[in-house]
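Enquirer: Chains A and B, in that order, give the protein sequences. Heads up: the first sequence at position 448 corresponds to 757 in the numbering used here, and the numbers run straight through without jumps. Heads up: the second sequence at position 33 corresponds to 31 in the numbering used here, and the numbers run straight through without jumps.
Errors might be hidden in some of the hints.
[As the list claims (entries may be wrong)] Computed beta-carbon distance windows for the label pairs:
#1 B/D63 / A/H380: 17 to 27 Å
#2 A/H378 / B/A22: 31 to 41 Å
#3 B/D63 / A/G744: 50 to 60 Å
#4 B/A22 / A/K760: 57 to 67 Å
#5 B/I173 / A/H380: 42 to 52 Å
#6 A/R337 / B/Q146: 40 to 50 Å
What the hints contain is simulated information worked out from the structure, not anything from laboratory work. Just so you know, these numbers come straight off a predicted model, no measurement behind them. From the three backbone atoms N, C-alpha and C, an ideal C-beta is built for every residue, glycine too.
Here's the letter readout for the chains.
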Amino acid sequence: MTTTVQTLVNQPYKYGFVTEIETETIPRGLSEDVIRLISAKKNEPEFMLNFRLKAYRQWLKMTEPSWPHVHYPPIDYQDITYYSAPKEKDKKKSLDEVDPVLLETFEKLGIPLSEQKRLSNVAVDAVFDSVSVATTFREQLAEEGVIFCSISEALHDYSDLVERYLGSIVPINDNYFAALNSAVFSDGSFVFIPKGVRCPMELSTYFRINTEGSGQFERTLIIAEEDSYVSYLEGCTAPMFDTNQLHAAVVELVTLDNAEIKYSTVQNWYAGDENGKGGIYNFVTKRGLCAGKNSKISWTQVETGSAITWKYPSCVLVGDNSVGEFYSVALTNNKQQADTGTKMVHIGKNTRSTIISKGISAGRSQNSYRGLVKMGSKADGSRNYSQCDSMLIGSDAEANTFPYIQVQNNTTKVEHEASTSKIGEDQLFYFSQRGISVEDAVSMMISGFCKDVFNQLPMEFAVEADRLLSLKLEGSVG
Amino acid sequence: MTLQISSPDTVDKPLRSGTPDRQAYLAALLQQRPLVEKVSPVGLEEVRDRALSLIQEQALPSNHDEDWRFTDLSALYQTAFQRASGSTTLPTPDLEALTWTEASVRLVFVNGVYAPTLSSISACPAGLKVSTLADADPGAIAQLGQQQGMTEVFTALNTVCFEDVAVVEVAQNQIIDTPIHLLFLTTAKDTPSVNYPRSLVIAHNNSSATLIEEYVALAESTYFTNAVTEVWLGQNAQLNHSRIQREAKQAIHIGKTAVSQDRDSRYTLTSLSLGGQMSRHNPVIVPTAEQTDTTLNGLTLAVDQQIADTHSELSFTGSHCTAQQLHKCIVDDRARAVFNGKIFVPKAAQQTNASQLSRNLLLSAKARVDTKPQLEIVADDVKCAHGATVSQLDDDEIFYLQSRGLDRKSAGDLLVEGFAAEIIDQIPMIELRQTLLNAVLSQIR
C-alpha cells in the first residue's frame, strides 16, 4: 500500500510557471536607504516612513527565533529583493488598462480578473510580487460603504484609519518577522466594513510571487465596525525556483461590538522539489483582536504549499462573549516542514474558542501543531475546546503536537484532545473488498478526515481546497 | 541615526546580566562537595569528574530556558544553602508515624546521610539486597550515573555532591513481596541547608519488586533537596514504584527519576507531589528495547503560594511498547501547577500504543495551571493520543450530591477526594494510602 500512496502523493505543482514581464526591481539588500526608497516609491505619508524606520531599528535589535520545530539554513537578509513590481505605464483607471500579460497570468492561475469572466460574487484584489495590480467590484462595494483596496491606496485615501489600526494588533516589535514586515512591507489588502453593514460578497486577495530572489512582505488589515460581517479569502502561489524565497506577511484583524470576520486561507506556495530544494519560507504573523462585545473571528486555513510553514493565526478575545475559531488542515509532503497552530488568548468574560486542527504528513515531511490556549485571570466562564488529529502517510513522516495550556481562572473550562493515526492496511482492505480502488479509498479517507475543516470554508473555496488536496494527494482521482 | 543599535550584544544583555549570579551560585554549591576519597570507597571518581565537566559546560537554568519557563527558580538563587550535616538522633515516636508495618525493609537517610539505627534491613528476604555506598556491591555502583537524562545540570550536581546512595538490588528470578521503603528525612536547621539524596535500584531479569521512595520533613525549615533516583529494569522485570514528596512548606525540591527499561519489563510510577514552596519532578523513562510497558501516574497538590512542576519524558526506542500516563493537579489559593509531558516515538518504535492525559482541577480564582502534553511522532504505525482538561468542580456534580443531602462543603470535598483517590489508590499500601489521602484533604480544607 505504501508505494501506491507514495505515488499518489507525488503530484507535480502546476502553478510553477514564471510570467515574463518587465519588472521594476530595486537592488538586493536591506538598509534604511532601501526602506526610504520603498516608502518614496509608494509615495507614502510621513507617519508610514517613521513606522517603517522604527520597525527596522527594532528588527536590528532582535534575533531570529530558533524555537520552532523547523530546520533551514540561515537566511541572508541582504540577498533578498525587497521590492519588485511589474512596470507600470500609467495609473490605471479600470481593469481594461491592466497589462494583459498580468491578466493572463491570473487567468492561468484560475483567478479571472476580467469583468466578464470573474467569479460571481467574489471581489478580488490581485497582488503580483510587491504590488496590487487590480481590485474588482470596487464600485459595487463602495455603494454599501465597504472599502476594499490595496493597502498602498488606503495609505493615501484613508490614512487616518490606517494610522489608527496599523500595528495596533501586531506591534512592530512583536516578533522578528513581524518587525521585518513592518519595515519593508510593500502591499496587501485593506478592508473596512462600516457599522451595521453585512458585506454583500466574499472578498478575496490573490498573492503571486513571480520574481526570483524577491521576498514578499504583504500586510493585510481588516477592520469590522459594530454589527458588521465580512468573509475574506486569501490564496497564494509562486513559480518553481531552486532558491528559497521568503514570504513574511502580517495580517491584522479587528472586530468591534457584534462584528464578525471570517478569514479563510488556501495556501499553495511552491513547496520545493522532492529533495527539498527551493520553495517558499512562509513565516507569517496573523492575529485577530475581538475588541468588542459578542464579536467573532474565525480562521480557516488549508496549508498545502511552502517549503516551511510557520504561522499561528491567533485570536485575542478581549470583548466579553467574544468567540474565536481556528480550523486548519495542514498537509506536508516530501521534505516540507510545517510548524503551525493557533493562539487563543481569553481576556474577556464568557469568551469561547474552538480549535480543530488536522495534520497530514507524507513523505519525509514534518508536521507540528503548536498551540496556546490562555485563560486570563478575568476571563470568567470562558471555554475552550481543542482537537488536533494527525495522519501519517509513510514511515518517514513526522507528526508532533505542542499544545500549551495556561489557565489562571478557575471558572473556565479547557479541553484538549489529540490523536495520531495512519491509513491502515485493514481500512484499505475493507474498501477494496467493496470494489473501491486504493486511490478512491485514500481520497475518501482523507476527505473524511478533513471534513470538519472544509465545511467551514466558503463554497467557492471549499471546492478549490478539495481540488487542491486531490491534486496534492490523490493523483488523477478527482 | 542616534538610535542605531546594531550589535546583538544589546539583545543578550538581560540574559547575560543574570548569568554571573547564577554561575557564582553554582560555584558556591560546588565548593561544598564532599571529598571523594573520604566518602566513597569505590571508584566514583570517573563518573563524578564527568558530571563536573558537564556542569561546567552548562549554566543553571532561568525562565528564559524553555524547560523552566513557567517555574521561577529565583527563590532558590536568593538563598545561600549550606551542606546539611548528618544528624542521626531522631525521637522514636516520630519514626513510628513515618514508617509502615507493611514495608518491613527500610533504609532511612537523614539529611542525605544513612541512619543505620533508624533503618531496618534485618528482615530482608532472600534475593533482595539493600545497601549503602559503604557496603554496596562494586558492580552496582558502576551503574551509577550511566543513564540518559544524567546530563541535566541539577542531576549532574547531585552526582558530584551526593554523600551516600541507597542501593536496592533484586536478584534474577526473584519476586519480592515486601515493599521496600526508602525514607529521606530532613531535620530542622537554623541555616538553610542543601542535601543530595541518591538512590539506585537494579531489578535483574524476571524479578519483581515494590518500592516506596519518600521525602519527608521533620520540621518546618528552609532547605533544598536535590534528589536523583536511577532505576534499571532487566528483561521481564517488574517494578511498582511510588514516589512521595512531602517536603516542608518552605523547602525547595528538585528531583529526577531516571528509568531504563529492558525488553518485556513493566514499570509503574505513582508520583505524589505535596510539599515544598517550589518543587519539580523530572521522570525520564527510556524503554531501551521492545515490548515494554510503562504506567505513569501523577498527583500534584499545590496550595498557598506553592509552585509544583512535573516535566516527564518518555522516549521509546524499540517497537511494540505500551504506555499510559495520567497526571492530575489540584491547585488552590494562589498556587501554580506546571505539567509538561513529552512522549517521543522515533521511527524504530512501530506499533507503539501510548496515551497521555493531563487533568487539572482549579479550586480558587487565583490558582493557575500551565500544562503541555507533547507528542513527537516519527513512526507511522502507532496509536498515540493525548488529552488535557482544566476546570473547576462541576456545578452539576455538586448539585447531585447536594440533592442527596450533602452540604456544599462536603460535596466539594468528596469530589476532590475522588479526584485525588484515582491516583492515590495506585499506591500498594493501605496504611500509606490513607495517610496520603488525609494529607491531601487536610491541605485543601
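Enquirer: So, for every hint listed, does it hold in this structure?
Expert: Do the hints match the structure? See the list:
1. Taking the beta carbon of each, B/D63 and A/H380 are about 20 Å apart, inside 17 to 27 Å as hinted.
2. About 35 Å separates the C-beta atoms of A/H378 and B/A22, a value consistent with the hinted range of 31 to 41 Å.
3. Hint check: B/D63 to A/G744, Cβ distance near 57 Å, so the stated range 50 to 60 Å holds.
4. Taking the beta carbon of each, B/A22 and A/K760 are about 59 Å apart, inside 57 to 67 Å as hinted.
5. Checked against the hint of 42 to 52 Å, the pair B/I173 and A/H380 passes, with Cβ atoms roughly 48 Å apart.
6. Look at A/R337 against B/Q146: about 46 Å separates their beta carbons, and that is inside 40 to 50 Å.
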